[in-house]
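First to last, the sequence lines map onto chains R and A.
Under our numbering, the residues of the first sequence are numbered -12 to 631, in order.
Under our numbering, the residues of the second sequence are numbered 9 to 128, in order.
Keep in mind the hints are simulated off the structure, nothing from the lab.
Just so we're clear, the structure is a prediction, and the values are computed from it rather than from any experiment.
Be aware that a few hints might be false.
[Claimed, not checked] Capping the alpha-carbon separation at 25 Å, the derived lysine to any residue pairs in SDA-like fashion look like this:
no.	chain 1	residue 1	chain 2	residue 2
1	R	325	R	135
2	A	97	R	306
3	A	98	R	135
4	A	98	R	23
5	A	112	R	204
6	A	124	R	192
7	A	124	R	164
8	A	82	R	617
9	A	82	R	178
10	R	306	R	617
11	A	124	R	617
12	A	73	R	192
13	R	209	A	97
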Amino acid sequence: MTDHEAYRDEARELLAELETSLLELEQTPDNQELIARVFRALHTIKGSGAMFGYDQIAAFTHDVENAFDLVRARRLSVTAELIGLTLAAKDHIRSLLEGGGTEEGEGIAAGFRLLVGDAVKAAPDQVAPPTAADGQDKGSKTFRIHFQPGAGCFLNGTNPLLLLRELAEMGQADAVARIGDLPDLESLDPEQCYTAWDVFLTTTSNENAIRDVFLFVEDESKLSIEPIEAQEKKLAEILIERGAAPAEAIQAALAEQQHLRRRADSAATIRVPAEKLDQLVNIVGELVTVQARLSALAGGSGDPELMFVAEEVERLTGKLREHSMSVRMLPIGETFNKFKRIVRDLSASLGKQADLVMEGGDTELDKTVIDQLSDPLVHLIRNAIDHGIESPEQRVARGKPQRGTVQLSARHSGAHVLIRIRDDGAGLDREAIRARAIDRGLVSADAELTEEQAFELIFEPGFSTARKVTEVSGRGVGLDVVKRGIEALHGSLHIASRKGEGSTITLKLPLTLAIIDGLLVRVGQECFVLPLSNIIGCMERTEEDIRNAHGRDYVVVRGEMVACVPLRRYFGIGGEKPAIEQVIIAETHNGKCGFAVDEVIGHHQTVIKKLGGLCRKLDLISGATILGDGTVALILDAERLAAA
Amino acid sequence: VAKTIMTVDDSASVRQMVSFTLRTAGYEVVEAADGVQAVERLRAPMHLILTDLNMPRMDGIELVKRVRQDPVHKYIPIVLLTTESQDSKKQAGRAAGATGWIVKPFQAEQLLAVVKKVLG
């Protein structure tokens, strides 16, 4: 990465942050912290712009920065005009950054000079009051809680973990278990509690409320609660304060430091090209494979020393894999933030009033998933505002608040992330959808549709219910694009709606695309992996079944005829098929489909490796994985295979 | 799956009030009129026992002791329903192996708070 690219990268990020802050500032014009953040972003863009030779950016940003210097000094107030002008300025800086045009720049800069000039004239003698941009939330305190339950606490039916959970619910908590008193396995009495905990809790509750948590156990437990200063400390300081430094105490102190550091919001980060991470994940994937072979060899050798080493390697490899995967995870909030601007601009251009409410911005997802998620989400949000939210007059007439709300939330659910887009607009009109679908020939006129089936129709290609085609979302590109985008991410989409009350669209996405859960099967000497997400069951197929089917390739699943693809014939694999074949039943877009194989080996979680350039056109195969014994298994794309 | 709570009290009205509160909050409730009946009805899986102290045949403290000696049910949390004056009983209960206590008279919210604390 050259210095220039680094600057541009950083500037792009700062601009995005600037936009977010501006939009927030529009809501809370007196927020000194936001004003300080805007000023800082502008200052950095200007300063490093000049350093890297982007003189135009530096000169232009100078005028904008001046205006916010006055805002900071409370000599210029935050108005819609200022925000609008600054957003325009942000766009202009962005186009300068990409080497774009300069025509409107002078106009914007002049606008700022006018604002600044007025403010200076209006209050020439005013002395800037000191700004107290104090980000610390008031009223919350941090406590160090040491809790050692009585040894017999289990016998009283007490579960210490519930108490810790209760503490965690009071605020932001980090806990360290102290297990130094744990005896060796032979003398361990499982009915005794040997563990103590140090909890660092930042909460608005007071000491008594914390003590109340331990109400039932206080008498026989050791409990100490002391407030600690909410500022970052050197490890040594903490150790000296405590007087002693056994290994455990250091660990606890480290957790304390981390807790406070997070409070101070100064987490150190390093910028790494995504490519390097991909390489890392790739290498770890290979390592996992080699490690599996090592474990297999060690197990077969019966050499205890070798087995010990192999186990250790296994443990470390597992950790390494977990960590390298987690590095690729990013909070989805950054993507969410982009949408604020979209909502603002869009509702303004449509003469509607809508707010975007976001939840769960810290939910983490694989970078690849996040990157590919942006377009579908934009589409859904545009759709919610364009077709969902009514005009202010209509809303008032319907007894709803004048401003509509679009809620965007993300949360984890097992190995998936659920993203929900909810609006409080007009909702879907089931009959209108049905009529349109019949009109478009998507369903027959006498088709019985459940509500859900009717709603699903809006994701069919060539469907559009909007009475008039608007500039915004009626561009001939329907929601089917969204559906395909989500399915390409191995995700799914669900829609619920009530007429007059609004709609909710829920996207279910896998946490990562780099690992899949698959079913390992064998045909002849070849191994294949089928993604588990498609599979609904397995069954046997005997010679007699084939005779009953008159030699045709189908199987009967619960009374339903299902086409069956014999993989042996399909891939031209030699050898005789066994007397009893296994048929994997998969659920695809084209209905159920069976795949006949020789043997089902079992569940296989694997790191996907992409095939090289030569094989890129083989769309039936989505990748490959290396098995424990070193052989390669191809990962089949059940969707494509069923369609073929 | 709803968690099951046993309420042990010789007063039918107290049992009724406790049952109503807990059922409304989504718990399954089993009732017992005294310690003896409680021990008899301890066959089904139980997540929590709420017991009065003064009861005929077998009192609350004795019930706690019995449950704590039962190899299957010994880890069930037990909460005592006491009156303010019985602080010594509270200590005795705790020593016998009670998990916690709630002081009578109590409000529905207080009861649910204690149940949540002990059951998670």
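Structure-based check of all given hints:
1. R/325 with R/135: violated, 47 Å
2. A/97 with R/306: violated, 51 Å
3. A/98 with R/135: The hint holds at about 22 Å.
4. A/98 with R/23: Not satisfied, since the Cα-Cα distance of roughly 57 Å exceeds 25 Å.
5. A/112 with R/204: holds, 20 Å
6. A/124 with R/192: holds, 19 Å
7. A/124 with R/164: With a Cα-Cα distance of about 23 Å, the restraint between residue 124 of chain A and residue 164 of chain R holds, given a limit of 25 Å.
8. A/82 with R/617: Measuring from Cα to Cα gives roughly 51 Å; hence the hint is violated.
9. A/82 with R/178: holds, 11 Å
10. R/306 with R/617: holds, 22 Å
11. A/124 with R/617: violated, 52 Å
12. A/73 with R/192: Answer violated: residue 73 of chain A to residue 192 of chain R is near 37 Å, above 25 Å.
13. R/209 with A/97: Holds: residue 209 of chain R and residue 97 of chain A sit about 23 Å apart, inside 25 Å.
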